Amino acid sequence: MRLLHFSDAHLGAEIHGRRDTDGRHTHVKDFLNCLDFIIKVAVEKQVDAVLFTGDAYHSPRPDPLSQREFLRRLLSLTERGISVLLLMGNHDLPIGYGEAAALDIVNLLKIPGLQFVREPKVVTLPTLKGNLHIACFPYLPRRFFVSLEEEQGWTEERVQGEMRRRVSDLVTRLQRESQQRNDGSPIVFAGHLWVEGVEFVGSERVFSLTYEPIVAPSTLRRDPFAYIALGHIHRHQFVGDRDFGVPIAYAGNIGRLSFDEEHDPKGFLLVDLERTTKGVWGVKDLRFVETPTRRFVTVRLNLCQASDPTQYALNALAQNRDLDGAVVRVFLTINEEQRGQLNLATIRSALEKRVDHLAALSFEVATDDNAPMPLLADPSRPSELEQLLQRPIELLARWLAQKGNLDQQRRERLLRLAMELMQEQESG
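Following my numbering, the numbering of the sequence shown begins with 1 at its first residue and continues without gaps.
Keep in mind that the hints are not guaranteed to be accurate.
In silico DSS-like cross-links for lysine-lysine, where the CA-CA straight-line distance does not exceed 25 Å [as the list claims (entries may be wrong)]:
1) Lys40 - Lys284
2) Lys121 - Lys110
3) Lys284 - Lys45
4) Lys129 - Lys40
5) Lys353 - Lys29
6) Lys45 - Lys129
7) Lys40 - Lys29
8) Lys110 - Lys129
9) Lys129 - Lys284
10) Lys129 - Lys278
Hint data in this document are derived by calculation from the structure and do not stem from the laboratory. Remember, predicted model here, so these are calculated numbers, not experimental data.
Put together the whole structure using the sequences plus the hints.
Structure follows, in C-alpha coordinates:
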(Lines of atoms letter the chains of each structure in order from A; the text may use other names.)
(Lines give C-alpha, C1' and ligand atoms only; values in the text may rest on other atoms or scores of the structure.)
Protein backbone atom coordinates (compact mmCIF):
# COMPACT_ATOMS: atom_id res chain seq x y z
CA MET A 1 0.00 0.00 0.00
CA ARG A 2 1.36 3.40 -0.97
CA LEU A 3 0.75 6.51 1.14
CA LEU A 4 1.50 10.18 0.56
CA HIS A 5 2.18 12.15 3.73
CA PHE A 6 2.18 15.95 3.68
CA SER A 7 1.55 18.63 6.26
CA ASP A 8 1.34 22.31 7.19
CA ALA A 9 -0.10 23.82 4.02
CA HIS A 10 -0.82 27.17 5.71
CA LEU A 11 -3.03 28.30 2.85
CA GLY A 12 -3.96 31.95 3.02
CA ALA A 13 -0.60 33.12 4.38
CA GLU A 14 0.28 36.47 2.82
CA ILE A 15 3.59 37.07 4.56
CA HIS A 16 6.06 37.65 1.74
CA GLY A 17 4.89 38.56 -1.74
CA ARG A 18 2.74 40.96 -3.71
CA ARG A 19 -0.71 41.22 -5.18
CA ASP A 20 -0.62 39.78 -8.71
CA THR A 21 -2.49 41.13 -11.74
CA ASP A 22 -5.31 38.66 -11.09
CA GLY A 23 -5.74 40.00 -7.57
CA ARG A 24 -4.19 37.04 -5.80
CA HIS A 25 -1.22 37.25 -3.47
CA THR A 26 1.88 35.58 -4.86
CA HIS A 27 2.63 33.84 -1.55
CA VAL A 28 -0.79 32.18 -1.68
CA LYS A 29 -0.25 31.20 -5.32
CA ASP A 30 3.14 29.71 -4.46
CA PHE A 31 1.58 27.39 -1.88
CA LEU A 32 -1.23 26.43 -4.24
CA ASN A 33 1.39 25.57 -6.88
CA CYS A 34 3.11 23.32 -4.35
CA LEU A 35 -0.23 21.71 -3.54
CA ASP A 36 -0.90 21.15 -7.24
CA PHE A 37 2.46 19.40 -7.50
CA ILE A 38 1.56 17.14 -4.57
CA ILE A 39 -1.76 16.21 -6.20
CA LYS A 40 0.02 15.52 -9.51
CA VAL A 41 2.53 13.18 -7.89
CA ALA A 42 -0.20 11.41 -5.91
CA VAL A 43 -2.02 10.61 -9.13
CA GLU A 44 1.08 9.70 -11.15
CA LYS A 45 2.50 7.46 -8.42
CA GLN A 46 -0.90 5.83 -7.86
CA VAL A 47 -0.97 6.36 -4.11
CA ASP A 48 -3.73 4.60 -2.21
CA ALA A 49 -4.24 7.17 0.54
CA VAL A 50 -3.11 10.67 1.49
CA LEU A 51 -2.36 11.62 5.10
CA PHE A 52 -2.43 15.34 5.87
CA THR A 53 -1.15 15.99 9.39
CA GLY A 54 -2.54 19.42 10.19
CA ASP A 55 -2.53 23.18 9.60
CA ALA A 56 -4.49 23.35 6.37
CA TYR A 57 -4.91 27.10 6.72
CA HIS A 58 -2.75 29.83 8.18
CA SER A 59 -5.71 31.23 10.10
CA PRO A 60 -8.47 29.41 11.99
CA ARG A 61 -10.88 31.67 10.10
CA PRO A 62 -9.59 31.20 6.56
CA ASP A 63 -10.69 33.27 3.60
CA PRO A 64 -13.20 31.68 1.18
CA LEU A 65 -10.62 31.49 -1.62
CA SER A 66 -8.25 29.33 0.43
CA GLN A 67 -11.08 27.04 1.49
CA ARG A 68 -12.38 26.64 -2.05
CA GLU A 69 -8.97 25.94 -3.58
CA PHE A 70 -7.96 23.45 -0.89
CA LEU A 71 -11.18 21.45 -1.06
CA ARG A 72 -11.17 21.54 -4.86
CA ARG A 73 -7.79 19.84 -4.91
CA LEU A 74 -8.78 17.25 -2.31
CA LEU A 75 -11.86 16.34 -4.33
CA SER A 76 -9.66 15.75 -7.36
CA LEU A 77 -8.03 12.97 -5.31
CA THR A 78 -11.17 11.33 -3.94
CA GLU A 79 -12.74 11.35 -7.41
CA ARG A 80 -9.84 9.15 -8.50
CA GLY A 81 -10.35 6.70 -5.65
CA ILE A 82 -7.56 8.13 -3.45
CA SER A 83 -8.75 8.41 0.16
CA VAL A 84 -7.70 11.43 2.22
CA LEU A 85 -7.32 11.95 5.97
CA LEU A 86 -7.26 15.53 7.29
CA LEU A 87 -5.95 16.09 10.81
CA MET A 88 -6.58 19.26 12.80
CA GLY A 89 -3.51 21.36 13.56
CA ASN A 90 -3.09 24.29 15.93
CA HIS A 91 -3.76 26.79 13.13
CA ASP A 92 -7.04 24.98 12.41
CA LEU A 93 -8.17 25.16 16.05
CA PRO A 94 -11.23 27.43 16.45
CA ILE A 95 -10.49 30.64 18.33
CA GLY A 96 -13.72 31.07 20.28
CA TYR A 97 -15.50 28.64 22.58
CA GLY A 98 -18.17 26.72 20.69
CA GLU A 99 -16.89 27.74 17.26
CA ALA A 100 -16.75 25.28 14.39
CA ALA A 101 -13.47 24.46 12.66
CA ALA A 102 -13.26 25.51 9.02
CA LEU A 103 -12.81 21.87 7.96
CA ASP A 104 -15.88 20.63 9.85
CA ILE A 105 -17.76 21.11 6.57
CA VAL A 106 -15.91 18.05 5.21
CA ASN A 107 -17.63 15.64 7.61
CA LEU A 108 -20.97 17.42 7.31
CA LEU A 109 -21.02 16.85 3.55
CA LYS A 110 -20.04 13.18 4.01
CA ILE A 111 -17.72 13.15 1.02
CA PRO A 112 -16.72 9.54 0.26
CA GLY A 113 -13.05 8.90 0.96
CA LEU A 114 -12.49 12.18 2.82
CA GLN A 115 -12.36 12.46 6.63
CA PHE A 116 -11.49 15.32 8.98
CA VAL A 117 -10.42 14.40 12.51
CA ARG A 118 -10.39 16.91 15.37
CA GLU A 119 -10.37 14.56 18.37
CA PRO A 120 -8.19 11.57 19.30
CA LYS A 121 -9.60 8.39 17.78
CA VAL A 122 -8.93 5.53 15.38
CA VAL A 123 -10.46 5.89 11.92
CA THR A 124 -10.57 3.56 8.95
CA LEU A 125 -9.93 4.79 5.43
CA PRO A 126 -11.16 2.51 2.65
CA THR A 127 -8.66 2.30 -0.21
CA LEU A 128 -8.49 0.41 -3.49
CA LYS A 129 -6.12 -2.04 -1.76
CA GLY A 130 -8.16 -2.56 1.39
CA ASN A 131 -8.61 -0.72 4.65
CA LEU A 132 -6.07 1.57 6.28
CA HIS A 133 -6.48 2.10 10.04
CA ILE A 134 -5.14 5.38 11.42
CA ALA A 135 -4.63 6.24 15.09
CA CYS A 136 -5.26 9.99 15.02
CA PHE A 137 -3.75 12.47 17.47
CA PRO A 138 -4.78 15.97 16.32
CA TYR A 139 -3.42 19.12 17.93
CA LEU A 140 -4.63 19.32 21.52
CA PRO A 141 -4.15 22.55 23.49
CA ARG A 142 -2.56 22.74 26.91
CA ARG A 143 -5.94 22.99 28.63
CA PHE A 144 -6.98 19.63 27.19
CA PHE A 145 -4.35 18.02 29.43
CA VAL A 146 -4.02 20.35 32.42
CA SER A 147 -6.72 22.66 33.76
CA LEU A 148 -5.95 26.14 35.02
CA GLU A 149 -6.98 25.05 38.52
CA GLU A 150 -4.59 22.08 38.46
CA GLU A 151 -1.76 24.27 37.25
CA GLN A 152 -1.92 26.73 40.14
CA GLY A 153 1.25 26.41 42.17
CA TRP A 154 2.87 23.90 39.81
CA THR A 155 6.26 24.47 38.25
CA GLU A 156 6.52 24.25 34.47
CA GLU A 157 8.55 21.07 34.94
CA ARG A 158 5.67 19.45 36.83
CA VAL A 159 3.14 20.66 34.24
CA GLN A 160 5.23 19.15 31.44
CA GLY A 161 5.57 15.90 33.34
CA GLU A 162 1.81 15.64 33.87
CA MET A 163 1.09 16.47 30.24
CA ARG A 164 3.57 13.83 29.06
CA ARG A 165 1.93 11.23 31.28
CA ARG A 166 -1.54 12.05 29.97
CA VAL A 167 -0.34 12.03 26.36
CA SER A 168 1.14 8.59 26.96
CA ASP A 169 -2.16 7.37 28.42
CA LEU A 170 -4.00 8.70 25.39
CA VAL A 171 -1.61 7.03 22.94
CA THR A 172 -2.04 3.77 24.89
CA ARG A 173 -5.79 4.05 24.41
CA LEU A 174 -5.34 4.60 20.67
CA GLN A 175 -2.94 1.66 20.54
CA ARG A 176 -5.51 -0.66 22.15
CA GLU A 177 -8.30 0.55 19.87
CA SER A 178 -6.04 -0.06 16.87
CA GLN A 179 -5.21 -3.59 17.99
CA GLN A 180 -8.90 -4.38 18.28
CA ARG A 181 -9.29 -3.78 14.54
CA ASN A 182 -7.50 -7.01 13.82
CA ASP A 183 -8.45 -7.56 10.18
CA GLY A 184 -4.96 -7.80 8.73
CA SER A 185 -4.94 -4.21 7.46
CA PRO A 186 -2.02 -1.82 8.05
CA ILE A 187 -2.20 0.54 11.02
CA VAL A 188 -0.37 3.89 11.11
CA PHE A 189 -0.23 6.81 13.54
CA ALA A 190 -0.94 10.40 12.47
CA GLY A 191 -0.29 13.31 14.83
CA HIS A 192 0.16 17.05 15.10
CA LEU A 193 2.47 17.39 18.09
CA TRP A 194 5.97 18.08 19.34
CA VAL A 195 8.40 15.18 19.85
CA GLU A 196 11.65 15.39 21.80
CA GLY A 197 14.77 15.69 19.69
CA VAL A 198 13.31 17.65 16.78
CA GLU A 199 15.20 20.44 15.03
CA PHE A 200 13.30 23.71 14.93
CA VAL A 201 12.95 26.47 12.41
CA GLY A 202 13.97 29.85 13.84
CA SER A 203 11.73 30.93 16.73
CA GLU A 204 9.36 27.95 16.30
CA ARG A 205 10.58 26.45 19.58
CA VAL A 206 9.88 29.57 21.59
CA PHE A 207 6.35 30.01 20.26
CA SER A 208 5.44 26.50 21.45
CA LEU A 209 7.69 26.32 24.47
CA THR A 210 5.30 26.91 27.37
CA TYR A 211 2.05 25.72 25.88
CA GLU A 212 2.39 22.18 24.61
CA PRO A 213 3.33 18.72 25.82
CA ILE A 214 6.70 17.45 24.64
CA VAL A 215 6.62 13.69 24.13
CA ALA A 216 9.38 11.12 23.87
CA PRO A 217 9.74 9.14 20.62
CA SER A 218 9.15 5.94 22.60
CA THR A 219 5.67 7.21 23.49
CA LEU A 220 4.68 6.93 19.83
CA ARG A 221 6.85 4.08 18.57
CA ARG A 222 4.64 1.14 19.51
CA ASP A 223 3.10 -1.92 17.97
CA PRO A 224 1.11 -2.10 15.76
CA PHE A 225 1.96 1.29 14.19
CA ALA A 226 3.80 0.67 10.91
CA TYR A 227 4.54 4.35 10.26
CA ILE A 228 4.28 7.51 12.36
CA ALA A 229 3.26 10.56 10.31
CA LEU A 230 3.68 13.89 12.06
CA GLY A 231 2.99 17.55 11.42
CA HIS A 232 3.50 20.81 13.37
CA ILE A 233 7.29 21.24 13.07
CA HIS A 234 8.13 22.96 9.78
CA ARG A 235 11.50 21.33 9.15
CA HIS A 236 11.30 17.95 7.39
CA GLN A 237 13.10 15.38 9.50
CA PHE A 238 13.08 11.92 11.03
CA VAL A 239 13.13 11.69 14.80
CA GLY A 240 15.53 9.14 16.21
CA ASP A 241 17.35 6.46 14.26
CA ARG A 242 15.56 5.54 11.02
CA ASP A 243 17.27 2.15 11.07
CA PHE A 244 15.93 1.33 14.51
CA GLY A 245 12.21 0.89 14.89
CA VAL A 246 9.27 2.43 13.14
CA PRO A 247 10.01 5.68 11.22
CA ILE A 248 8.83 8.85 12.98
CA ALA A 249 8.62 11.44 10.22
CA TYR A 250 7.81 15.13 10.08
CA ALA A 251 6.88 16.00 6.51
CA GLY A 252 7.52 19.71 7.15
CA ASN A 253 5.53 22.48 5.51
CA ILE A 254 4.94 22.38 1.76
CA GLY A 255 6.49 25.80 1.04
CA ARG A 256 8.61 28.48 2.68
CA LEU A 257 6.86 30.86 5.05
CA SER A 258 9.81 32.90 6.30
CA PHE A 259 13.53 33.51 5.96
CA ASP A 260 14.10 31.11 8.86
CA GLU A 261 13.34 28.41 6.26
CA GLU A 262 15.60 29.88 3.56
CA HIS A 263 17.88 26.86 3.30
CA ASP A 264 15.38 24.12 4.20
CA PRO A 265 14.04 21.83 1.46
CA LYS A 266 10.24 21.66 1.39
CA GLY A 267 8.13 18.75 0.27
CA PHE A 268 6.29 15.58 1.26
CA LEU A 269 6.83 11.86 1.77
CA LEU A 270 5.94 8.82 -0.30
CA VAL A 271 5.60 5.77 1.94
CA ASP A 272 5.34 2.19 0.70
CA LEU A 273 3.95 -0.25 3.27
CA GLU A 274 4.53 -3.98 2.95
CA ARG A 275 3.29 -6.99 4.86
CA THR A 276 6.00 -9.47 5.83
CA THR A 277 5.72 -13.25 5.72
CA LYS A 278 4.98 -13.09 9.45
CA GLY A 279 1.96 -10.92 8.75
CA VAL A 280 3.47 -7.74 10.21
CA TRP A 281 3.15 -4.47 8.32
CA GLY A 282 6.20 -2.24 7.94
CA VAL A 283 7.76 0.43 5.73
CA LYS A 284 9.32 -0.99 2.58
CA ASP A 285 10.34 2.33 1.03
CA LEU A 286 10.30 5.94 2.21
CA ARG A 287 11.13 8.89 -0.06
CA PHE A 288 11.11 12.64 0.45
CA VAL A 289 9.97 14.56 -2.64
CA GLU A 290 10.69 18.29 -2.87
CA THR A 291 8.01 20.74 -3.95
CA PRO A 292 8.74 23.61 -6.39
CA THR A 293 8.65 26.21 -3.64
CA ARG A 294 9.90 29.76 -4.25
CA ARG A 295 13.44 30.64 -3.21
CA PHE A 296 14.11 32.93 -0.24
CA VAL A 297 17.49 34.67 -0.58
CA THR A 298 19.40 36.82 1.90
CA VAL A 299 22.22 39.03 0.58
CA ARG A 300 24.76 40.76 2.83
CA LEU A 301 27.19 43.15 1.14
CA ASN A 302 30.06 45.01 2.75
CA LEU A 303 30.53 48.24 0.77
CA CYS A 304 33.08 49.86 3.07
CA GLN A 305 35.92 49.67 0.53
CA ALA A 306 33.85 50.78 -2.48
CA SER A 307 34.52 54.21 -3.99
CA ASP A 308 30.93 54.19 -5.32
CA PRO A 309 28.86 52.06 -2.89
CA THR A 310 25.66 52.30 -4.93
CA GLN A 311 27.26 51.10 -8.15
CA TYR A 312 29.21 48.40 -6.32
CA ALA A 313 25.97 47.07 -4.82
CA LEU A 314 24.19 47.20 -8.20
CA ASN A 315 27.00 45.25 -9.87
CA ALA A 316 27.15 42.61 -7.14
CA LEU A 317 23.38 42.12 -7.13
CA ALA A 318 23.24 41.93 -10.94
CA GLN A 319 25.63 38.97 -10.88
CA ASN A 320 23.48 37.03 -8.40
CA ARG A 321 21.02 35.07 -10.57
CA ASP A 322 19.41 33.45 -7.51
CA LEU A 323 17.54 36.71 -6.95
CA ASP A 324 15.41 36.34 -10.09
CA GLY A 325 11.82 35.64 -9.08
CA ALA A 326 12.78 35.09 -5.44
CA VAL A 327 11.74 36.64 -2.14
CA VAL A 328 14.78 38.72 -1.22
CA ARG A 329 16.21 40.74 1.62
CA VAL A 330 19.39 42.79 1.31
CA PHE A 331 21.56 44.12 4.14
CA LEU A 332 24.36 46.58 3.32
CA THR A 333 27.27 47.71 5.47
CA ILE A 334 28.90 51.11 4.82
CA ASN A 335 31.27 53.60 6.43
CA GLU A 336 30.00 56.79 7.99
CA GLU A 337 31.53 58.77 5.10
CA GLN A 338 29.46 56.80 2.57
CA ARG A 339 26.04 57.79 3.93
CA GLY A 340 25.57 60.51 1.34
CA GLN A 341 26.78 58.27 -1.50
CA LEU A 342 24.43 55.34 -0.95
CA ASN A 343 21.21 55.58 -2.96
CA LEU A 344 18.77 52.96 -1.65
CA ALA A 345 16.04 54.10 -4.04
CA THR A 346 18.19 53.22 -7.06
CA ILE A 347 19.05 49.82 -5.61
CA ARG A 348 15.41 49.15 -4.72
CA SER A 349 14.27 50.05 -8.24
CA ALA A 350 16.77 47.64 -9.80
CA LEU A 351 15.82 44.82 -7.45
CA GLU A 352 12.06 45.19 -7.84
CA LYS A 353 12.38 44.55 -11.57
CA ARG A 354 13.83 41.11 -10.86
CA VAL A 355 12.50 39.76 -7.58
CA ASP A 356 9.05 38.54 -6.66
CA HIS A 357 9.14 40.49 -3.42
CA LEU A 358 11.75 42.67 -1.74
CA ALA A 359 11.17 41.93 1.94
CA ALA A 360 13.92 44.19 3.29
CA LEU A 361 16.55 46.63 2.05
CA SER A 362 18.57 48.35 4.75
CA PHE A 363 22.04 49.47 5.67
CA GLU A 364 24.10 49.80 8.81
CA VAL A 365 27.19 51.85 9.51
CA ALA A 366 30.14 49.64 10.43
CA THR A 367 31.19 51.77 13.41
CA ASP A 368 27.69 52.40 14.77
CA ASP A 369 26.22 49.90 17.25
CA ASN A 370 22.83 51.56 16.92
CA ALA A 371 22.26 50.83 13.25
CA PRO A 372 18.77 51.39 11.88
CA MET A 373 16.42 48.46 12.37
CA PRO A 374 15.79 46.51 9.15
CA LEU A 375 12.34 46.67 7.63
CA LEU A 376 10.08 44.12 9.35
CA ALA A 377 7.01 44.63 7.19
CA ASP A 378 6.25 45.79 3.67
CA PRO A 379 5.59 49.56 3.90
CA SER A 380 3.15 49.30 1.00
CA ARG A 381 0.95 47.04 3.16
CA PRO A 382 0.20 48.85 6.43
CA SER A 383 -2.07 46.00 7.49
CA GLU A 384 0.95 43.67 7.72
CA LEU A 385 2.69 45.92 10.23
CA GLU A 386 -0.58 46.36 12.13
CA GLN A 387 -0.95 42.58 12.40
CA LEU A 388 2.64 42.25 13.60
CA LEU A 389 2.10 44.87 16.29
CA GLN A 390 -0.70 42.69 17.62
CA ARG A 391 1.78 39.80 17.91
CA PRO A 392 4.75 41.39 19.72
CA ILE A 393 6.62 38.11 20.24
CA GLU A 394 6.62 37.44 16.50
CA LEU A 395 7.69 41.04 15.86
CA LEU A 396 10.59 40.62 18.28
CA ALA A 397 11.51 37.28 16.69
CA ARG A 398 11.69 38.85 13.23
CA TRP A 399 13.86 41.68 14.48
CA LEU A 400 16.23 39.34 16.31
CA ALA A 401 16.46 37.08 13.24
CA GLN A 402 17.65 40.04 11.20
CA LYS A 403 20.34 40.98 13.74
CA GLY A 404 23.36 39.12 12.41
CA ASN A 405 25.38 39.50 15.64
CA LEU A 406 23.12 37.27 17.78
CA ASP A 407 23.51 33.51 17.91
CA GLN A 408 20.53 31.15 17.97
CA GLN A 409 20.85 30.35 21.69
CA ARG A 410 20.83 34.01 22.69
CA ARG A 411 17.84 34.77 20.43
CA GLU A 412 15.88 31.91 22.01
CA ARG A 413 16.73 33.15 25.52
CA LEU A 414 15.60 36.70 24.73
CA LEU A 415 12.34 35.43 23.22
CA ARG A 416 11.73 33.16 26.19
CA LEU A 417 12.22 36.06 28.63
CA ALA A 418 9.90 38.27 26.57
CA MET A 419 7.21 35.60 26.61
CA GLU A 420 7.54 35.15 30.39
CA LEU A 421 7.26 38.91 30.85
CA MET A 422 4.08 39.02 28.76
CA GLN A 423 2.58 36.14 30.74
CA GLU A 424 3.31 37.93 34.02
CA GLN A 425 1.68 41.09 32.65
CA GLU A 426 -1.42 39.20 31.49
CA SER A 427 -1.83 37.46 34.85
CA GLY A 428 -1.76 40.81 36.63
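Here's how the hints hold up against the structure:
1. Straight-line distance between C-alpha atoms of Lys40 and Lys284 comes to about 22 Å, which keeps the hinted pair within the 25 Å bound.
2. At most 25 Å may separate the alpha-carbon atoms for a hinted pair to count; Lys121 and Lys110 meet this at roughly 18 Å.
3. For the given pair, Lys284 sits about 15 Å from Lys45 by alpha-carbon distance, which is consistent with the 25 Å threshold.
4. The hinted pair formed by Lys129 and Lys40 meets the criterion: a straight-line CA distance of about 20 Å does not exceed 25 Å.
5. Between the alpha carbons of Lys353 and Lys29 the distance comes to roughly 19 Å, so the proposed pair stays at or under 25 Å and holds.
6. For the hint linking Lys45 to Lys129, the alpha-carbon distance of about 14 Å falls within 25 Å, and the restraint holds.
7. With a CA separation close to 16 Å, the supplied pair Lys40 and Lys29 stays within the 25 Å bound.
8. With a C-alpha separation of about 21 Å, the suggested pair Lys110 and Lys129 falls inside the 25 Å cut-off, and the hint holds.
9. Proposed proximity of Lys129 and Lys284 is supported: the alpha carbons are some 16 Å apart, at most 25 Å.
10. With a C-alpha separation of about 19 Å, the suggested pairing of Lys129 with Lys278 holds against the 25 Å cut-off.
Checked against the numbered hints listed earlier, the structure breaks none of them; every hint is satisfied.
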